[in-house]
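The listed protein sequences correspond, in order, to chains S and F. First residue of the first sequence? That's 215 in the numbering used here, and the numbers climb one at a time after it. First residue of the second sequence? That's 215 in the numbering used here, and the numbers climb one at a time after it.
Any copy will do: because identical chains look the same in the list, a pair fits if it lies in one copy or spans two.
In silico lysine-lysine, BS3-like type, Cα no more than 30 Å apart, as pairs:
#  : residue 1 : residue 2
1  : K571      : K387
2  : K506      : K548
3  : K387      : K359
4  : K570      : K374
5  : K548      : K481
6  : K387      : K477
7  : K387      : K570
8  : K571      : K374
9  : K523      : K629
10 : K593      : K629
Just so you know, these hints were derived from the structure itself, not from any lab.
Number of protein chains: 2
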Amino acid sequence: MPMARAKLTEAPEGMPPDGRKRAVIDAVLPCVDGGRFAVKCIAGQPFRVTVHAFTDGHDALRVMLLWNREGHAVQEVETTLRHNDEWHASFTPSVPGRYNYEAVAWVDHFRSWRAELARRVEPDDIRSAAQVGAGLVEEAAGRAKGEDREALLRFATVLKTPAVEPHEVEALKAMALDPLQAALVDRYPDRSLGVSSATMLPLVADRERAGFSAWYELFPRSTAAEEGVHGRFSDVERLLPRIAEMGFDVVYFPPIHPIGREKRKGKNNALTTEPGDVGSPWAIGAAEGGHKSILPALGTPEDFRRLVKRANELGLEIALDIAMQCAPDHPYVKQHPQWFRWRPDGTVQYAENPPKKYQDIYPFNFETEDWQALWLELKSIFDHWIGEGVRIFRVDNPHTKAFAFWEWCIGEIRKLHPDVLFLSEAFTRPKVMHRLAKLGFSQSYTYFTWRNTAEELTEYFTELSTGPGRHYFRPNAWPNTPDILSEHLHGQGRPAFAMRLVLAATLSANYGVYGPAYELMENTPRSAGSEEYLHSEKYQLRHWDLDRADSLQPLMTRLNAIRRENRALQSNAGLVFFKTDNDQLLAYAKRSDEGDNLMLCVVCLDVRYPQSGWVELDTAWLGLAQPGDAYELDDLLNQQTFIWRGGRNFVILQPGQAHVMRLRRGVRNERDSESFQR
Amino acid sequence: MPMARAKLTEAPEGMPPDGRKRAVIDAVLPCVDGGRFAVKCIAGQPFRVTVHAFTDGHDALRVMLLWNREGHAVQEVETTLRHNDEWHASFTPSVPGRYNYEAVAWVDHFRSWRAELARRVEPDDIRSAAQVGAGLVEEAAGRAKGEDREALLRFATVLKTPAVEPHEVEALKAMALDPLQAALVDRYPDRSLGVSSATMLPLVADRERAGFSAWYELFPRSTAAEEGVHGRFSDVERLLPRIAEMGFDVVYFPPIHPIGREKRKGKNNALTTEPGDVGSPWAIGAAEGGHKSILPALGTPEDFRRLVKRANELGLEIALDIAMQCAPDHPYVKQHPQWFRWRPDGTVQYAENPPKKYQDIYPFNFETEDWQALWLELKSIFDHWIGEGVRIFRVDNPHTKAFAFWEWCIGEIRKLHPDVLFLSEAFTRPKVMHRLAKLGFSQSYTYFTWRNTAEELTEYFTELSTGPGRHYFRPNAWPNTPDILSEHLHGQGRPAFAMRLVLAATLSANYGVYGPAYELMENTPRSAGSEEYLHSEKYQLRHWDLDRADSLQPLMTRLNAIRRENRALQSNAGLVFFKTDNDQLLAYAKRSDEGDNLMLCVVCLDVRYPQSGWVELDTAWLGLAQPGDAYELDDLLNQQTFIWRGGRNFVILQPGQAHVMRLRRGVRNERDSESFQR
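Same shape as in the complex, but just chain S (with noise of 0.2 Å):
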């Protein structure tokens, strides 16, 4: 039908370009804040995109994700309808590094033409929609070639071939409508209606460990094999074999770099200190050096280099505290007097937060006009370590520095080093945490330390694994450090620190130890009610007896242990948990993204009493086929191995236990044992 059409120029005002367009699509998730900030995700692992589009009225849409890594050519997958809209397709970033995705979509007219014919009924309806489909087929020849565009051509020959009897039309419905021939004509699409998400969105990907890690601190200087010798990292070299055999991967420091003299503090963070006291690690930088030194007494760069060497054979990393503070004698101070703040007495600005006062320490003025220096030279401190064979960075209080320093920073330097990891030491307000992870940092500290009681864990960690920050903040969850001694572990013994490194460990896929301290339970604060330590290792030399009798290092051993054999643990994805009918019990699960492995933990958070309680699990987690099945839980920690049956259990724990159970997968038929899979 010949008809007067009117030439495409340019649109009326307020118009779009091509209102010929009918595809929507509403949403790319996940996304951070419209893709003004990347998602996280683990290079290796399948990254899920959700894409919500439609169109209107009833015709098919196609919808194709597209992505790429950074410098890289787009590739494209094509998603999958599920419910609601909703349309599903996922790619693997293969090593970590910047990559960016999108989506596109059209109605598709051969699609469309297809579902109506599978549901046309009448002979002459048939016969006009396999004219119709005969066009469609050649449009889709003529963007085709070769073997292909005959094959289509032979096709719509096909579809144009007429019809007369019943069993002619039944026939063409059959042919028009054969799975192999949609195929064939689904990769030669109209796109040219096509419309795009608006913005290609950021996503990071990082390597493994970014998601998985057990840390363990320790100050190098405490490591010495006798009492009251400045450790050196030759000593720390003696204690990894120890480490890496009880399943850690990070080993951390506090800054290696010369302590300044001036103000230094003393003991249990006097003001005035005594012959022989070594001051705080933070207060970096002295005439020798500063954040690209190391304090002679540790040892040499080349020491330095042997040990991330070792560190690395025994498949640990070493990882760098960087605080980006000096002490009153770094030679910053002297070459960049810009780069402080002045008062009118001439002295540099110390850091305080009135009344409190913090001599030994000079921050940074990151409103200086000399900012650019600033940033390059801060910038550079973590180039030094980086080429020191470093890729781990605990940042000391970044809350405290310009965001967009960060930004900056962490960004250029993940340009050429995507494997670099940063974690966040920011204890401070939640918007603030989560905008630090947003900028770029790979992990970050939590309040775990401060979530005791069932609900505040339950609370707060399907907060982490649940709310709109786990597609960039992943949790580190640390049951002490050397700044904090929780209240809840101070004058505890065993069932406390047992239980508070169960919940780190199996709760969070990430978590840290400060880890002597730990081992040996050290649980005298400074004074009542302090977070500090008494004989802080901040400020002096400790020896740790890590032979003692007592030490959790059994436990830690084995958890550890565990975490590596359960893909469950390795994430917090698939976090839930489950009610109980006593408080003092915390019920919990993991399941792996794939579903084969399930780990279910208990844990009595009275460190006093013995306690017990009915746990009810959700049925339909557990996977039985009837409500009441039994099924075998293997009690990885305790090595025994319990029968429960259906959703409610009884459970019974001493002060402080836990059991961390692997569900087994088959349901055990007390009719028919054999159907257990063991």
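Following the hints, position chain F against chain S.
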């Protein structure tokens, strides 16, 4: 102290233009899809904005909310920090139209200084701080003029006064902290390092009726005084005072255009007609005209204009139904054949959803190359009726027309006529309905019609009032429409109709009824399980005896009066549901924005048997001083007053009956009944 300062040149690659900007705006809320779509509000009512903003460290921030009406000057209002880095401010768009808003934040050195000074105790620290403060105040003076400048210089001089004796230092500190001086300095901040939120967020302010309205739908052709006679606009005029007295705001008509003769449907949607069959008003267009014409049997354009005027005099508005589709004999089909899809046999493709066919309806082909002309013509339909005095349109099945068209069409119309409202008649999938609301529809039909149980109603209305859609999707709840006699009304009488009416009118600030059929409780489906009415007005004239003794008119009148008298019912923002121990009893409440109007509804969902049970109110919601305090509830529907006590109270209701109660302010105290404010 003189120091080397690098000149600010262009920033090295990857660095921001000015890295000294330390304030961070993490979010400006509400915000729909990152600012891609407008948030909706009501002109004359405060629009509340929350800004998530912070900076590194402990410095003080100032955060401003900037806003303007499009084409008008930008205004600024300072926000206040409540908690958790959330800063609040509001502004009131005075008239309907498009507005924008954004936030600006900066680190405020004067405020930081003042906050720190307040906590300083050592005389030397206070002396030093006063010197620093003097510098800041002098800088502020440099930005001020006239008297303010002089006053600031005087304040700086005060700060520079030497303070030797302890009492002098005390006095210096007190003067430095003088709030009047602080307010003066605050007027001249250093905003040079201020940051803006990335986007000016769009906001649409509508007139009040967009958020609060009661609709009454009727077929003008069925309004003749005499049975069997085709009703005219003059007949509708006769009914208007009654509808106005019933408290409705909007009288809405199905399409009033000439009805196609070709393929016209007979009574009860029959494929063939009998003589005198009037056809479906949605089969638009015939020889005498199309979407801009009036069916001659209804009256003349002059009659219509008089009707609109008469309605307005009574406080009513006439809403028209615009259905973007054509009968086969619509003039468009001949004039613009390129706007339709053609079949190989040379006929126009009618609407179908195989195997269903709608031969009397031709849809427009929104993929026509002549789309620009099509869009312009379709928009001109609205323009035509706006010219005739119409300000509200109910749009038929907008989800079967191109989405991009709606965004353009509504946007363009509202540029000139920001008072024009659009109701989206899309009963389809959730994301599609939401998209239409985002694109500009002022109100939307809902799933209310199919939500029956307490659980369904609670879940759905909680989603509507608290989900992300609350910023752009305004529900309009209809217990029936000419298309939908929902199954739970089939064969039901007064209890079911009364109950569904109360639910619609109290759960949703916008609601409507297909009036005559609802008043008279029309309840016979065309066939069992069908949602179509038997003898549907869509295909034939009906005669409604509105004076029937059992009409729901009194209940409708009472409900509309209650809605008008109680601001809580004029919005959905304050909706909460309360638990009952009987799932046939639904309890919910609404609170006005200012908290001065509290309405509590308890509805018996059982339409056959009386139900009783305990309602568990939230005593915090009630505002009780003591959990067991007594309070009075006036049942405005049944003209009763109840004295309830505490959170838990017993209710007994007849089938379909409801309490619609207002909480009296003040709590009845047994020992001091005078404290009760009547």
